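**Student:** So the sequences go chain by chain: A and B. Using the numbering used here, you'd call the opening residue of the first sequence number 1 and step up by one each time. Using the numbering used here, you'd call the opening residue of the second sequence number 263 and step up by one each time.
One thing to keep in mind: the hints can contain errors.
[As the list claims (entries may be wrong)] Going by beta-carbon spacing under 8 angstroms, a handful of chain B positions derived as facing chain A: (1) S336; (2) Y344; (3) L363.
It should be emphasised that the hints constitute simulated quantities derived from the structure, not laboratory data. These numbers come from a predicted model, not from an experiment. Each residue gets a CB set at the ideal place from its N, CA and C atoms; glycine is no exception.
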Amino acid sequence: MTSTILRLPRFTGRLILGFLAQFGRISLLVVELVRGLSEVRIWVPRTFTEAATVGAGSLPIVLVIAMFAGVTTAFQAGYQWQSNLPVYILGTLIVETIVLELGPVLIGLVLAGRIGARYAAELGTMRVTEQIDALESLGRSPASHLIIPRVLAATLMLPVLVIIADVVAIVAGLVSVKQVLPVTDADFAYGAKAYWKPFDAYYSLIKATSFGFAIGLISCFMGFNTKQGAEGVGKATTAAIVSSSVVILLLNALLAKLLVST
Amino acid sequence: MIELRGVRKRFGEQVVLDGVDFEVREGETLALLGPSGTGKSVLLKHINGLIRPDSGRVIVDGLEVATLPRKALSELRTRIGYVFQNGALFDSLSVFENVRLGLSDESKFNDLEYAERRVGECLKLVNLAPDTARKFPAQLSGGMRKRVGIARAIAGAPKYLLYDEPTSGLDPVNADIVDELVKRLDQELGVTSIMVTHDVRGAFNVADRIALLSDGKIVLQGTPDEFRESEDPKVKAFLERDFEDSFAA
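The following block holds chain B by itself, in its conformation from the complex:
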């Protein structure tokens, strides 16, 4: 289980998170919605300890992330797959080497036969052809890079998956493909997921629960139906604006 309690974070004068509280239960998929620049990615990076809160607690599996010793933090990170917004693939390495780096167990990483088999499985899970393994990130399209990023995140069989804007920068067709992929992986792998997005349609399609982050706080968290029926002006304003954007697209 992932819990955030009173998390505050500021960069200089700018307050990004102002007492964020929420939790994600085992096996569920939570979509974290919010306008661009509201600190959704910052919040996600608190969960695997890439950013430390100024105050408040981030707890994963009962462990307080910010106070974990180095080794324990590394161990915890192997249980959390992180899909970066732009893939963050290592551009000097092939797709095979990129996905192989996701094997958290060093003995499995060094076992070339196992690594080849596991990389192949992961590429198949994200609907990529086996020969993609030989390519380099620069030879891939935006959608393929995102999928390789997902393959790397799942290679170590994590318990949690954190997706940072998995559909941003994609055309609607590719965005739908990635949304379906996220939904399928969550079901097939049985992982607990948090998907940061500003795409309302995708969030409603994929998530069991949705949380809206605005002005550094969680305005509402609930099921998609509770969201649709909410009378909160911030929720209504965000949903109306984003649905209009979806139709415009």
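Just chain A, with the same shape it has in the complex:
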């Protein structure tokens, strides 16, 4: 009976301790990253290489997703449009939906899978095959050689990919909406400009940058702390994708509240 009563507080305590331990470990990693920033000659060239790999490798999937997001948004906007509304409003709806929400969040979630899995699996494999130990034993910092370039590459490339995705999705939206409703290019452009604020673009890029940083940091953290062989690499990869996705959704809500909530 007593053990049943104690089970819930024990479980809660373990959960809180686990969370605090994880928070402590990720804070230590951030400290290591800040220290590693002084080794500019090490991480700068590796960041460019990593950014090129991440950017070029992610481009095809980003283009496909952006195109379908634009097409779907246009068809659904067309479905919701009523004849008493001006047609230019479709331009507003499609552009704002894509720039403010669909572009950064969809691309963020997909890249949490693509980049997150890659980083966690790479670093996890390096951990279980002692490659990270080998790097340390050579007097070299894993932070400046492995983690800073990956975190920075994700942070820098996500906004670039989101800009590309936004443009492709808007063009796809324009082409698609013209198939279902009598909208001209001028109507669409007028609607897009009518409610457009420069802050909308900044907001989209702030979201993309913070999502990129979260994906890079969380995935590297999971991979770097991998234990127990191949099974551990699998667990780290799954944890990286799930945690990055959840954090993206949390950040999305938090940034909406902080930056655009009235």
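Please arrange chain B on chain A, whose structure you already have, making use of the hints.
**Tutor:** Relative to the frame of chain A, chain B by itself:
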């Protein structure tokens, strides 16, 4: 000189090292023997600070490794070459880039002409052909990977060399080649070495002194002759069992 004084280490409930004491003198080669899973590799990782002891002291060149600041630890590590059990080669880098990473001096690392010359020298020292430099770890045999691991460890001209099971997973012929290589490098480079192994024959062939780790403690350390003549039941049991394994192989 490397000294370990009362080093204890546990992982969860499992006590791995339970008050280990030993020292390695300048220029000597010490073989650390012990059955698999007794913490030999854990002990080796204490020496270059990859693992910190729960208590006790690990002292290298008068410096206590566990309390060294980050920069001093990195500097100390450049004086300690570490050969990992499975090579631990960076699989996305060529052999050249792997060995080049062993150049601890950043200016030498960035001097491509010097790096090419030094990598070539190191590959020659471990009996590998110059064209091995262009290959990737996945294209190498187990024995070659071990030798590239040794080449990387010696590239920075370290004062100490730590070998973690350099012959494990190799057939007897390749194991003998690696043993001879270790012996030759220790003589030619004048380094102080610790070789972790459970291969008694190799240890007797290579080492100036031998230490046996069992149940988290050093049971005996002495010359190969002192080892052979020891009446300690743990030493006798280990030697008899391992010689039988050697003959079976």
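**Student:** So, for every hint listed, does it hold in this structure?
**Tutor:** Now the hints, each set against the structure:
Below 8 angstroms, beta-carbon pairs count as interface contacts, and S336 (chain B) has one with chain A at about 4 angstroms; its hint therefore holds. Nearest Cβ of chain A to the Cβ of Y344 (chain B): about 4 angstroms, under the 8 angstroms cut. The hint holds. Because the beta carbon of L363 (chain B) sits about 6 angstroms from the nearest beta carbon in chain A, less than 8 angstroms, this interface hint is met.
Of the hints listed earlier, there is not a single one the structure fails to meet.
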